[in-house]
Structure formats: C-alpha cells, structure tokens
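If you read the protein sequences in the order shown, they are chains C and Y. Per the UniProt record's numbering, the first sequence runs over residues 1 to 234. Per the UniProt record's numbering, the second sequence runs over residues 1 to 234.
Just to be clear, a hint being listed does not mean it is correct.
Distance ranges between label pairs, derived from CB positions [claimed, not checked]:
1. Y:ARG28 - C:ILE94: 31 to 37 Å
2. C:ASP197 - Y:ALA163: 27 to 33 Å
3. C:GLN3 - Y:MET193: 34 to 40 Å
4. Y:ASP54 - C:PRO59: 26 to 32 Å
5. Y:SER92 - C:SER69: 53 to 59 Å
6. C:GLY119 - Y:SER92: 57 to 63 Å
Partial selection, computed: residues in chain Y whose CB lies under 10 Å from chain C [what the hints assert, rightly or not]:
7. LEU106
8. ILE134
9. ARG166
Since the hints were derived computationally from the structure, they do not count as laboratory data. If you're wondering where the values come from, they're calculated on a predicted model, not measured in any experiment. Backbone N, C-alpha and C define an ideal beta-carbon position, used for all residues, glycine too.
2 protein chains.
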Amino acid sequence: MAQGKLYGIGVGPGDPELVTIKALRLLREVPAIFAPCKAAGEPSLASRIVCQLDERLSPKIANLVFPMSDDEAELDAAWQAAARSVAEKLNSGIDCAFIVEGDPFLFGSFIYLFDKFAGDSNQPIEVVPGVSSITAAPARAGIPLVRGDERLAVVPAPSDREAIRRVLSEFESVVFMKINPVFDTLVGVLEEMSLLDRATVVVKATTSEERIIRRLADLKGQKPGYFSIMMVRR
Amino acid sequence: MAQGKLYGIGVGPGDPELVTIKALRLLREVPAIFAPCKAAGEPSLASRIVCQLDERLSPKIANLVFPMSDDEAELDAAWQAAARSVAEKLNSGIDCAFIVEGDPFLFGSFIYLFDKFAGDSNQPIEVVPGVSSITAAPARAGIPLVRGDERLAVVPAPSDREAIRRVLSEFESVVFMKINPVFDTLVGVLEEMSLLDRATVVVKATTSEERIIRRLADLKGQKPGYFSIMMVRR
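Make the full structure from the sequences, and use the hints.
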C-alpha cells in the first residue's frame, strides 16, 4: 500500500476568511486532520478557525497535545507521541493534514513534525503556506511593514537590553514575538531610545478578540497576553 | 455621497489557490479592481493570478503603470497618476480594490497608495493580508524558516560585503530579496563564510515557472531572475 501524504497546512492568523482556497480544498479532501492543542480537552485555535469555516470538518479533526513547557524531555515525548499517531495513519495509506495557525514554517509547530518525517524519502510531504500574523497585524493596524530597500527583523523579544537596542538600531522595522515575559524591559528600552511612540502591539490579530494598542503606556502594569506581537518602525 | 472604500488586497505568491477566501470574496464584490504593471500593455502578475481563479474578474480590472525605474520623480509621477485614477472612483462612491502579489505591506506596491490616502480620515481603507513569498518559498523548498527562539532577517540583498556578513552572523535565518544585482557578491561572501551549502534560491515560488536551486554553483555566470529569493539557514 502506498504511504499516505502528509500536508502541513497554515490556516492563517485567526479570521476564518484568511484561510487560503487551497487549504480549504485540502482539508475537505483529506480523511484525517490533526491539530495542536495545549492540554487534553482544550480547544485548538487552528481547529476552531477551520471549523468556523466549515463545521463538517470537525468530525475528522483529532487534537494532539503539546504542553506549554520548557522541559525539553516532556516536549520531545509529546512530539514523539504525536508523530506516532500521524505515522499510524500515513502507514495505512491515509492522507493526513496537520493544521497550524499562521504559517507552518514561521514559528509553526508543524516544523517539529516535519523534522521527524522529512528524513524519510518515502514519505510524501507538502507544506501549504498561510497568512502569518507577522503581516496580518500590520495590516490590521494600518502600519506598512517594509517598503523599498527597508530591512525587517522578526525576533522573539530578547531579555538582553543590549540585544533589543541593537536590533532596533540596525533595522527600519522590527517585529517582536513572545513579548509577554520581557514586556517591561522592552518598553524601557523603547523609552530610552525615544521609540515608544513608534511601537504598536496587536493582540490576536484578525480574531473577534483583536486589540490594537498604539499607546503602550496604556499597558503599564499589565501584560498584552498571548498571541501578541509588537511592531516597531523607526 | 459616501466615499467608496479602498481595499489593499494581497493575492499571494503566484498559485491562484493561495489566494484567501476573503480576497476572492472581496474581488467578486467590488465594482473596480486596480492592478500594478510595469509598462502599458504588459500583463500584471497580480491580475493574472486572480483571473486564473475567476475569469469573470477580468473586465473590471484596470492596470496602473509603475515603471521599473530608480528615478524618484518618474516614480512619483506614476504614483500620483495612479492615486488620481483610484481617487476618482472612490469619490464617486465606488469601492475599489488594489491587488498586489504576496502581502500588501511586505514590500507591496500598495504601500505607496496607502501613504497617499491614509492621511485622509474620511477615506475608509482596509488592508487584507496575503501569503507572502517569504513563507511560500521555504514551504516549497522544504526548509523550515524559524523555530523556537530563532531570529529571522528579511533584507534586500546589500551590496556591501560587510553588511551581508553581519546579517548572516547575527541571524539564524536570513531571507535575501532583490538578489539579482548583487548575486555574485552574495555568493562570494557565502563561500567565504562556508555557508554556500546552507543557501537555497527559489524563483517564482508556487507558479508554473517555479525553480528551486539548492546548488548555487549551478547558477554561476547567470542571474536567478526576478521574483527570486534566497534563504540562508545557519
């Protein structure tokens, strides 16, 4: 029996309409869809996006649990288990999709699965790119990201003040991901560099819970929350 | 009469199926669509993408000419003329879409139009993000762009060897745009840094003319052509 094909599919930043025509077609065609979630019984954001688009997809979606953890061994065990579940289907000749918010290869959890299967030349894999929050957030905020010869850096927000300062000095446009843990440090450096009014935070871009925060002072003492990105344009 | 709404719509990297559901819906709804092209009578890539998807869109697409030029005055005149054509429709209360390949705010030509209209608070504008070649090319080449705490730089390829060297030293993943004019310099620096086998060029990702070049030595003496990007992963 031929091996099933594995699709890594980006389903966009949150608005179900920002799913691509290709992603929707493939999700309707494949018999099995896997979606990442943070804990057993918790909803998966990616699966919520596609089910809003077509609720008939729901019965064929299985959640795979990836705990929010920094423990490498725990994470690796979760990925091994996930890879086994997916491999079982693929080995039975069943085409499978693994869906992720945004884009599969831009900080997407599909990468871990890809790493486990890509070495096997008998395993057909196709990656379907999606709209990333890195462009969706600027679109929502009305802030052009880069034009002409400008340079863009996309970085998990560093905890090191000097690293923050350097990336802000060298790039016309910086997108900081994972801003929660270092939010106060980030705001402090922006203040020192007189860039605070050049920074915008977008929370859950394109979803019904979207927030666009243009005056970062309004966030003092609180954190912007998960699925937030900060754009700084010099 | 109410002002028409202006949509800046990303139509993705080339494959018509990578257009979003939202983009297609809006293009069917609006009475007027503008598309950028390089010379009068030349086809617009963005308009070719959407017409492959739905040929009934063709009659309402008007091309706007933006010459390939470094002459600021010539370019500005082209943009002024384009803005006038669009403003005429909007002022008659007609909703207009301006379509661009990839994403409107990531090196998209929509930015120039946005700059001309965004200052007018009476002008409703909506930007619809699209799949960018920056994630489509890695998807096609099977090269994860960034994972975990990695850092990504997206830069027009610099002509300065030191600048190339610096960005390659500081970022785990670098996407070089506009590689044609400096291709030999770029390859030279990659060789010096022993990174040549970490670089991949993708030409016209997701189109019928797509080429994926993993051995850059194969390109010696030629240029990869327009719509090429180079990814380097350390």
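Evaluated hints:
1. Here the CB-CB span from ARG28 (chain Y) to ILE94 (chain C) is close to 35 Å, well matched to the stated 31 to 37 Å.
2. With their beta carbons about 28 Å apart, ASP197 (chain C) and ALA163 (chain Y) fall inside the hinted range of 27 to 33 Å.
3. About 38 Å separates the C-beta atoms of GLN3 (chain C) and MET193 (chain Y), a value consistent with the hinted range of 34 to 40 Å.
4. Under the hint 26 to 32 Å, the C-beta atoms of ASP54 (chain Y) and PRO59 (chain C), about 31 Å apart, fit the expected range.
5. Taken as a hint, the range 53 to 59 Å holds for the pair SER92 (chain Y) and SER69 (chain C), whose Cβ atoms sit roughly 57 Å apart.
6. The hint said 57 to 63 Å for the Cβ distance between GLY119 (chain C) and SER92 (chain Y), and at roughly 59 Å that hint holds.
7. With its C-beta approaching chain C no nearer than about 5 Å, LEU106 (chain Y) sits inside the 10 Å limit, and its interface hint holds.
8. Interface hint status for ILE134 (chain Y): upheld, as the beta-carbon distance to the closest one in chain C is roughly 8 Å, under 10 Å.
9. Taken as an interface hint, ARG166 (chain Y) checks out: its beta carbon lies about 8 Å from the nearest beta carbon of chain C, inside 10 Å.
Violated hints are absent here; each numbered hint is respected by the structure.
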